[in-house]
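Generate the whole structure from the sequences, applying the supplied hints.
There are 2 protein chains.
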Amino acid sequence: MISVDTIISAKWVIPVEPDNRILEQHSIAIKAGEIVAILPTDKCTQQYQAKETVDCPDHALIPGLVNTHTHTAMSLFRGMSDDLPLMTWLNDHIWPAEMKWVSSEFVRDGAELAIAEMLQSGTTCFCDMYFFPEDVAVAARKAQIRAAIGLIVIDFPSAYAQDAQEYISKGLALHDELRNENLLSTIFAPHAPYTVADEALKRICTLAEELDMQIIMHVHETRHEVDDAVKATGVRPLARLQALDLLTPRLAAVHMTVLTDEEIDLAAATGVHVIHCPESNLKLASGFCQVEKLRAKKINVALGTDGAASNNDLDMLSEMRTAALLAKGVAGDATAMPAHEALRLATINGARALGLDHKIGSIEVGKDADLVAINLAKTATTPVYEPVSQIVYATSRDQVSHCWVAGKLLLDNGKLTTLDEPDLCAKANKWRDVIKKSDSGD
Amino acid sequence: MISVDTIISAKWVIPVEPDNRILEQHSIAIKAGEIVAILPTDKCTQQYQAKETVDCPDHALIPGLVNTHTHTAMSLFRGMSDDLPLMTWLNDHIWPAEMKWVSSEFVRDGAELAIAEMLQSGTTCFCDMYFFPEDVAVAARKAQIRAAIGLIVIDFPSAYAQDAQEYISKGLALHDELRNENLLSTIFAPHAPYTVADEALKRICTLAEELDMQIIMHVHETRHEVDDAVKATGVRPLARLQALDLLTPRLAAVHMTVLTDEEIDLAAATGVHVIHCPESNLKLASGFCQVEKLRAKKINVALGTDGAASNNDLDMLSEMRTAALLAKGVAGDATAMPAHEALRLATINGARALGLDHKIGSIEVGKDADLVAINLAKTATTPVYEPVSQIVYATSRDQVSHCWVAGKLLLDNGKLTTLDEPDLCAKANKWRDVIKKSDSGD
Chain A
0 MISVDTIISA KWVIPVEPDN RILEQHSIAI KAGEIVAILP TDKCTQQYQA
50 KETVDCPDHA LIPGLVNTHT HTAMSLFRGM SDDLPLMTWL NDHIWPAEMK
100 WVSSEFVRDG AELAIAEMLQ SGTTCFCDMY FFPEDVAVAA RKAQIRAAIG
150 LIVIDFPSAY AQDAQEYISK GLALHDELRN ENLLSTIFAP HAPYTVADEA
200 LKRICTLAEE LDMQIIMHVH ETRHEVDDAV KATGVRPLAR LQALDLLTPR
250 LAAVHMTVLT DEEIDLAAAT GVHVIHCPES NLKLASGFCQ VEKLRAKKIN
300 VALGTDGAAS NNDLDMLSEM RTAALLAKGV AGDATAMPAH EALRLATING
350 ARALGLDHKI GSIEVGKDAD LVAINLAKTA TTPVYEPVSQ IVYATSRDQV
400 SHCWVAGKLL LDNGKLTTLD EPDLCAKANK WRDVIKKSDS GD
Chain B
0 MISVDTIISA KWVIPVEPDN RILEQHSIAI KAGEIVAILP TDKCTQQYQA
50 KETVDCPDHA LIPGLVNTHT HTAMSLFRGM SDDLPLMTWL NDHIWPAEMK
100 WVSSEFVRDG AELAIAEMLQ SGTTCFCDMY FFPEDVAVAA RKAQIRAAIG
150 LIVIDFPSAY AQDAQEYISK GLALHDELRN ENLLSTIFAP HAPYTVADEA
200 LKRICTLAEE LDMQIIMHVH ETRHEVDDAV KATGVRPLAR LQALDLLTPR
250 LAAVHMTVLT DEEIDLAAAT GVHVIHCPES NLKLASGFCQ VEKLRAKKIN
300 VALGTDGAAS NNDLDMLSEM RTAALLAKGV AGDATAMPAH EALRLATING
350 ARALGLDHKI GSIEVGKDAD LVAINLAKTA TTPVYEPVSQ IVYATSRDQV
400 SHCWVAGKLL LDNGKLTTLD EPDLCAKANK WRDVIKKSDS GD
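Just so you know, the protein sequences line up as chains A and B, in that order. Using numbering that gives the first Met the number 0, read the first sequence as starting at 0 and increasing by one per residue. Using numbering that gives the first Met the number 0, read the second sequence as starting at 0 and increasing by one per residue.
Any given hint might turn out to be false.
Pairs involving identical chains hold if they fit within one copy or between any two copies, as the list cannot separate such chains.
To be verified - List of simulated lysine-lysine pairs, DSSO-like, C-alpha gap at most 30 Å:
1) Lys429 to Lys99
2) Lys42 to Lys429
3) Lys99 to Lys292
4) Lys141 to Lys429
5) Lys436 to Lys42
6) Lys201 to Lys230
7) Lys42 to Lys30
8) Lys42 to Lys435
9) Lys201 to Lys169
10) Lys414 to Lys429
11) Lys42 to Lys292
12) Lys42 to Lys169
13) Lys201 to Lys429
14) Lys429 to Lys169
Don't read these hints as lab results, they were simulated from the structure. It should be emphasised that the depicted structure is a prediction, and the values quoted were computed from it without experimental measurement.
In structure tokens form, the structure reads like this:
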């Protein structure tokens, strides 16, 4: 008998890689946080013994979901100002609220709330972009979730930093601090072409190369952004990024709703990743990302929820469904974005965009055991003809029963094991009370 | 003290009518299934005493959701054949499966599964369109849910009836049988313009007038349908329905994704209701219903999930979210379909389309107590600045804790009180087993 730490046995195992197969009655053996074997449950029982066994008799086991774009702390602004035009929303609500409230404590509390919600809906890795990334790292470390912490760079001052140079140097300090962490990595996060000047972008480009890091940035989110850039500079943002040598496989371009066919070809030729945020794009009426066209050109498309202020949840199951449904509507083709493909967007493609696909994104021997169990024995997912169809088109987040990150159980039958849910909700409610009071008092 | 049957006290009460107000710390007093008072909880405690009190301290109380379009029995085909072109899906999968499997027992078991799912996600009234409507009525009566049972009429034979005449006479018999029921009503349900000939449509039109009934029909679901009709008859389906005098406030036209501006004006002028099924329209790539244009013309737009084979759930909370998000994307306007409006689509507008707005669709004195409590004290809906925003943009179905229909508690803290969930799931799984076995055996 081979000794391992944990054996998880599930009715269905959906590895995602190497292909779209579905394994029935299989087990995963985990040792030191890594997947060491994937085999039929009856064989596993004969060959392996574990300190801990978890049976998931009605469940599908999938790779942990990878939320490639969010602003976790903004969960504290969830639903504060909905159904407004984009620029009113930003200028009159979100930016003033950020100026007034965002602090180290705010970011820590908001990130903790967001991480709790993400684990409860099957996300085991997220990529954040926000002020005070150190505090996002603190919250992630406490939760023991995996995270790519965005080192934000923006040309305007905040409570966090005064100018691009200070953002970059604080980011580099955080990168140094986290370099030996197993679960936390860093990623450059220049906010957007219209908020970061050439000099800072060039610096980031050089640093990313030197430090072997990825870059994530909002790019071509709205027609407005593209038109303004053309008016001001004569070129579209993507052309400017190309001139700055930013269009490489290091770049994860978020949104990309406004693209010419030539720009799609350019993204394909340069290996840029596209981070698709369908619910945010809909809610802010930003336009439709042409996901099927991107996929046809073999561009790596990953999935993100964006922040809770424009979604309003961080639920990657619902985001997968929206991505699968919307792709069909936009392409006018019911065969667009089949369920298995939507699951790839939310797992292996996300891992690739973040440069983490050697570690996560699929259930394969040698990868870290970032796993999620989904209980399909609920009325809304009964009967099951095809588990991946049920996961993408009919499952809701409460069906996520277990999450493991690097073999550690972070969600146990719906209960968070590393975070105190009543405490973090109480903190969030306190923030709402002071923000609301201040708003109505002014 | 005034004696009543039930008092429900909630943190937020959202009556929907007469306007979009939100009442805090209010109570609803119910007697003989009707709402008799809506007042602040402290006053209620002084003035009313009840046999039963229910406290919902973290909850929003909303009118029960009205799912105006579904094919309940199709829940047994959920996920059987996804991601296929519409005509392949219908011709090679759905229609053959219906020919082979649909029976009285199939419809009863499928309807029971669907009703369980609907109650668990806050739907207290649904409108069905399927074969064997008697059996849908049996399931609904057992569950004690409210339903408008569609009397299906279609020009092709099925296990249920041979021709339009037989469908109509069976429907009339069911109408007679149900005429004294409080919770069950009937509605004519001719399948679609392309499957029902003029003669039957004329007959339905006359009967609906005589019997004071509504009519529900798939209309202009796809461009294909409209183009085919023009090719075959020279006129678009809506023009044909107008010539047959079907365009009146009695008609609830389902889908309506393909409309000219003149057709929108015609719908507005004639008072036709539009049943919007956004997730089904996306999944089958049927086209985008121009909901904002319809609303601008004061057309009553209600919401439906369609059947589980093209959705794949019957979750009206998720459908509201999709409707609100998609309306913004399609209109290119982030202010389109605000959260309160999405809630109206799913409640009072649905009641209107079904001719039931004198009884349900809002929390008002004199209406039946069809109510739903939603627990917002979960991480994904924390904090709450605006409860309706949270319900539409961030709530998932597991947060539905209680449902009442005409004052009777059908869902008690997530538990069904009139249906046996393990039993109905076991029946659904049996159907899947025989259907799968037969498919692979052939």
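Outcome of the hint check:
no.: 1; hint: Lys429 to Lys99; verdict: within (16 Å within a copy, 59 Å between copies)
no.: 2; hint: Lys42 to Lys429; verdict: between (52 Å within a copy, 28 Å between copies)
no.: 3; hint: Lys99 to Lys292; verdict: neither (41 Å within a copy, 38 Å between copies)
no.: 4; hint: Lys141 to Lys429; verdict: within (21 Å within a copy, 45 Å between copies)
no.: 5; hint: Lys436 to Lys42; verdict: between (61 Å within a copy, 26 Å between copies)
no.: 6; hint: Lys201 to Lys230; verdict: within (22 Å within a copy, 60 Å between copies)
no.: 7; hint: Lys42 to Lys30; verdict: within (18 Å within a copy, 61 Å between copies)
no.: 8; hint: Lys42 to Lys435; verdict: between (58 Å within a copy, 27 Å between copies)
no.: 9; hint: Lys201 to Lys169; verdict: within (17 Å within a copy, 75 Å between copies)
no.: 10; hint: Lys414 to Lys429; verdict: within (23 Å within a copy, 32 Å between copies)
no.: 11; hint: Lys42 to Lys292; verdict: neither (43 Å within a copy, 60 Å between copies)
no.: 12; hint: Lys42 to Lys169; verdict: neither (51 Å within a copy, 56 Å between copies)
no.: 13; hint: Lys201 to Lys429; verdict: neither (41 Å within a copy, 62 Å between copies)
no.: 14; hint: Lys429 to Lys169; verdict: within (29 Å within a copy, 60 Å between copies)
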